[in-house]
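Put chain B on the given structure of chain A with help from the hints.
There are 2 protein chains.
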Amino acid sequence: MAISYKDSGVNIDEGNRAVELIKRVLSKYKSSEQIGKFGGMYKIPSGYKNPYLISSSDGVGTKLKIAIMAGIYNTVGQDLVNHCVDDILAMGAKPLYFLDYFATGKLKAEIVASVVEGFAKACEENDCVLLGGETAEMPGFYADNDFDIAGFITGIVEEKKVLDGSKIKEGDLLIGFKSTGLHTNGYSLARKIFFERLKLKVEDAFSDTGKTVGEVLLAIHKSYFNEIYPYLKKDKIKALSHITGGGFYENIPRILPDNFDVKIKVNWEIPILFDFLVKESGITKREAFRTFNMGIGMIAFVDKKDSSVFKELSDKKEAFLIGEVIKGSGKVLIDGID
Amino acid sequence: MAISYKDSGVNIDEGNRAVELIKRVLSKYKSSEQIGKFGGMYKIPSGYKNPYLISSSDGVGTKLKIAIMAGIYNTVGQDLVNHCVDDILAMGAKPLYFLDYFATGKLKAEIVASVVEGFAKACEENDCVLLGGETAEMPGFYADNDFDIAGFITGIVEEKKVLDGSKIKEGDLLIGFKSTGLHTNGYSLARKIFFERLKLKVEDAFSDTGKTVGEVLLAIHKSYFNEIYPYLKKDKIKALSHITGGGFYENIPRILPDNFDVKIKVNWEIPILFDFLVKESGITKREAFRTFNMGIGMIAFVDKKDSSVFKELSDKKEAFLIGEVIKGSGKVLIDGID
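Residue numbers (my numbering), protein chains in the order written: chain A, 2 to 339; chain B, 2 to 339.
Chain A on its own, in the form it takes in the complex (with noise of 0.2 Å):
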């Protein structure tokens, strides 16, 4: 008996079955991959003098699970587009294009086409091109229906826009800017909670909010560029911190210098979600700002004579006024916590 590549597990036609749908689903976006190379090519914009690329890799963690639970595939790509937007925005940088990973136990066509969509939805909001990206299928290594996305960013920046922390100063203004949800960060432990201790199932409603748990856990990954970029353009941000794993206490001091700490007052209404997981948990306040983004996910260092220039945002109630710099030694102080 013959054993041949398809008897291995790995269906090269549903592959090309995959590539053909991928090109219906990116024929309806400005921003297409180009498919069939070896790599994908895009030329370095002019008009800079000092240019520095800004790459960063990243995954949605187990967000997944909930798509696949689900059955909804386009919203992760979404996510995962976003985050990796975030990360490079939060050093001053404009994203260029998107690659990305998708492996998978066996290969469904229509399910990898939902998710590059979301990728290539994505992608054209961020004004960023899907430049490629790689499906693999690894027979044994994944459950039939589960899949792993990862995604790669590369965006440009200014040397000397590039935000590293090192203008902040005593006395700035933290403005944090509102999150839609989890974003990719706290699904191993919210699943815990939603799915193994309380039994929920994804089409329940969650609390009186209107909507399903599936809903809204799966709420995307808010993208800050459009909102943000502008006030980068024009100087008027000096640092920005992106919440993600981790939350307020890790992230923070990864662009705080070590002669300043952060003071922060909740005066945000923490959404229902995150009130939500904290109490069913049982976790302390403090390791919910060190898991969860709590409302906020993203913030920005300003400098207290530009505080104004957010009032527009403030009004929406998209940004509030979280706290501020003093003098000491690297730490993040909550109030009511620390």
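Hints listed in this document are in silico derivations from the structure and should not be mistaken for laboratory results.
Some hints here could point you the wrong way.
Given that identical chains are not distinguished, each listed pair holds provided it fits within a single copy or across any two copies.
No farther apart than 30 Å at their CA atoms in a straight line, the calculated lysine-lysine pairs in the DSSO-like style are these [as the list claims (entries may be wrong)]:
#1 Lys-107 to Lys-286
#2 Lys-31 to Lys-305
#3 Lys-170 to Lys-29
#4 Lys-162 to Lys-50
#5 Lys-280 to Lys-107
#6 Lys-44 to Lys-31
Leaving out everything else, chain B in the frame of chain A:
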């Protein structure tokens, strides 16, 4: 009972231990990852007139399973970097930097550090920088000892030096460069034969090679950068095809213009591993050349008048004259098969 993040299967402390181990590993290599920032920074090199970035994302497929079976973790990192380097080399680019994604069900600091050491070693060998990476612990997604890795590379090439196949002409010669083994393709089939059908173990001897099955199957994907890039700089190569998944039949057409065929003569010695796999699987010769690299990992298209420049590599049996370009319709014709 409180459910902490650690109870949920995510262990931040082990993550921090991994970071410390990785820092120690990286200190041994020139190229060092920028740990702790939101993204990695890379200054765009000067001296290019119309530079293009070339990027690619890749995985190593189920070769990982063999690494995991053998408990050898440092070579797959090199496989991944070299695979990425070869992909963008095929477009004429020189690598600048690499980023990784590492995902596992249960983080083990020693394993991730060993994999990262492979990344760092290969980056140094390919004169590029390990710029950053994402390490994800995803409980319930991977079996406890399993992990997956993805790599992202960015390279640079002057516009008029981009290799896209358009310079290929009738009469050009094909120079095949020796592979070290399966590289990163055909492992699902190879695993079926070695471990399921023949019930061999990674520590068993393979034929009379003096090597074990594990050693033969884990041979590192060769990077052709140091061997081939000097010829690219001197414009001695018109096109390159990286022989990966899909073998000769799918990779050569990626760069072959529609109005030519290539005629290939198998006048190199096919390594015993491929003969063994073909014999034991019972697949046809055609399917073999569509699945495996059959001993040739990269094919260069060279003007007839320049063929002598490869004499040195040819004398060392590192490269072989394996075919030529004829008028046709984009087909790959292998002597004795087509």
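Exercise for review: Output the numbers, in ascending order, of every earlier hint that fails for this structure.
Suggested key: 2, 3
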